[in-house]
Amino acid sequence: MKKVLTLTRKELGAYFLSPIAYVALTVFLAVSGIFFWRELAGQEGAEASMRVVFYPIGFILMLICPMITMRLVAEELRSGTIEPLMTAPVTDFQVIFSKFLGAFGFYVCLLLPTLVYAGILKYFASPDIGPIISGYIGLLLFGALLISLGLFISCLTRDQIVAAIVSFVVILILWALGYFGMVAGDVLRPALQYMGMFEHLNNFIKGDMDTTDIVYYVSLTVLFLFLSVRVLETRKWR
Amino acid sequence: MIEVEHLTKRYGEFVAVNDVSFRVGEGEIVGFLGPNGAGKTTTMRILTCFLPATSGTAKVAGFDCFTQGLEVRRRIGYLPENVPLYGEMRTREYLNFRAKLKDVPRSARRNRVEDVIEKCGLRSVENQVIGTLSKGYRQRVGIADCLVHDPKIMILDEPEVGLDPIQIREIRALIKELGKTRTILLSTHILPEVEMVCERFIIVNRGRVVKDADMSSLRQRSTLLVQCTAPPAALKEVLQGVEGVKDVKVSDSEGVSTATVDSRGKDIRKDVVALLAAKGWELREMSSRSQTLEEMFVEATTQEESK
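Protein sequences appear in the order of chains R and Y.
Each residue of the first sequence is one higher than the one before, starting from 84 at the first, in this note's numbering.
Each residue of the second sequence is one higher than the one before, starting from 1164 at the first, in this note's numbering.
These are calculated hints, taken from the structure and not from any lab test.
The beta-carbon is built from N, C-alpha and C at its ideal position, and this holds for glycine as well.
Misleading hints may appear alongside valid ones.
[Unchecked claim] Derived coverage of chain Y by chain R (criterion: at least 3 residues anywhere in the stretch with Cβ under 8 Å from a Cβ of chain R; other residues may be distant):
hint, region
1, 1219 to 1231
2, 1399 to 1406
3, 1449 to 1461
[As the list claims (entries may be wrong)] Simulated restraints, written as ranges between beta carbons of each label pair:
hint, chain 1, residue 1, chain 2, residue 2, range
4, R, ASP242, Y, THR1217, 46 to 54 Å
5, R, LYS289, Y, THR1220, 57 to 65 Å
6, R, ASP175, Y, TYR1174, 53 to 61 Å
[To be verified] Straight-line Cα separation of at most 20 Å, SDA-like style, residue types lysine to any residue; simulated pairs:
hint, chain 1, residue 1, chain 2, residue 2
7, R, LYS86, Y, LYS1399
8, Y, LYS1442, Y, MET1459
9, Y, LYS1399, Y, MET1449
10, R, LYS86, Y, VAL1267
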């Protein structure tokens, strides 16, 4: 556990030592700020709920997460630092899990400033707190999935750009599944909507916390973490 | 401390390491030599648990590299080829991070990091970002990392690549110093380096061990150079008659014949002088020369190829 902490701290630190962190933070805060103003704060008679802000935030995060995760393992493979790393007394699981925690920590850092929006809303109106809390829980679970998926893909290649593009495409497919669900026939609709990653976030944003949605995010996150550990192991066998 | 038995590593069809066996005893400094692509790095990666072997066993400090990887990794200091480092970290920060990863207890960590910074001459760059360091300093950071948990066994893959002659001397002195209390397996292409630092050497070629010998065996394989005024054919015949002589090569120029005599370490100078005097030939020069590691290296690696 101590090693996971050491590695996580290094991983999180690496974000703030590279320009990626600041680019991602700036883009994210600028875009989400624009939505907050357009849809909520600057709108006369708007409903006092974070819902209209959570949707675009979720969407931007889908675009930004591949940028956060692309370097995780790909960079180690490219620069060769995987060798000193794996010849230190650490297990594959410790390495993967701390990379996940590091990236997730950065994801939380992205989300934290948006609490200000909730604060502003609370100050000027009286929103229902429940959906705001469940919305944030949803965004955290949603992010855990995005990051474990990106981490898995980063293990597969030594090229960061490839990792980013492939992660983005996979995320897009998972998102589109839910979208197709809306237009699909009665037979396919429930299946597709269950598989779509955004549909579950919708429920959280509406303030509807269901174990189905929690299970969806948690199980997929665990699956991708498990696969990442396996891929890291198989690198040795080639 | 290091025991390798029938180690084989295949990458698909390509056999990188083929049935390699050797041992390194406690406190030995062993040079691990071979041409590029001979399988040195692969062998070292197996020893450091970075790669598993296809077959055979490798043990370090009594622990199996495959089944007890964590125990092995706790006990070795490894300097990988080309020294990959995290460019965004600072020297001290990096060493501190590595010390934590390598289970250096909190109470000892500060001292250990200070110690290796001092030992490896990193004081002037301790707060510099690693990405901006010169090749020589990067190499030193790598060696410092290798030492930070005070391992009893060190595996160094080409520690002197890219260094200037002064730095090579410094690194050599450091390795010699470290070798007093540690077991070191050192791969390098600089053969005089090995002659100066190591007590033993192992030469691999095309994945096989072609030579495993003590440094002293080089002295045993000395040759005698004899230069005198004699007809080449006659000189050859006379020298071949001396007891203990295995091989004689003769060349001549302007009435002076030069013979290179291989007597397998036996001192035959007295006999040769007596014989030449008896024949009435005038001795111009006589010197004994031990084989250099370079000659042995070339011999061992080309023999294999001609087979």
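* Establish whether the coverage given for the region 1399 to 1406 of chain Y by chain R is satisfied; the threshold is a Cβ-Cβ distance below 8 Å, and no fewer than three residues must meet it. => violated (count 0)
* Under the criterion that the straight-line Cα-Cα distance not exceed 20 Å, is the pair LYS1442(Y), MET1459(Y) satisfied? -> 35 Å, violated
* To do: Take the C-alpha atoms of LYS86(R) and VAL1267(Y), compute the straight-line distance between them, and say whether it is at most 20 Å.
  => Holds, because 11 Å separates the two Cα atoms, which is no more than 20 Å.
* To do: Note whether the CB distance of ASP242(R) and THR1217(Y) lies within 46 to 54 Å or breaks it.
  => 28 Å, violated
* Asked: Should the hint that ASP175(R) and TYR1174(Y) are 53 to 61 Å apart at their CB atoms be regarded as holding?
  -> 21 Å, violated
* Coverage criterion applied to the region 1219 to 1231 of chain Y (partner chain R; beta-carbon cut 8 Å; 3 residues) -> violated (count 0)
* Would you check the hint for LYS1399(Y) and MET1449(Y), treating anything up to 20 Å between C-alpha atoms as holding? => Holds, at about 15 Å.
* **Outcome, coverage of the region 1449 to 1461 of chain Y by chain R - at least 3 residues whose beta-carbon is closer than 8 Å to one in that chain** => violated (count 0)
* CB-CB spacing for THR1220(Y) and LYS289(R) relative to the 57 to 65 Å hint -> 60 Å, holds
* Between LYS86(R) and LYS1399(Y), is the straight-line Cα distance small enough, at 20 Å or below? -> This hinted pair is violated, its Cα atoms lying about 71 Å apart.
In summary, the structure is inconsistent with hints 1, 2, 3, 4, 6, 7 and 8 from the numbered list given earlier, while agreeing with the others.
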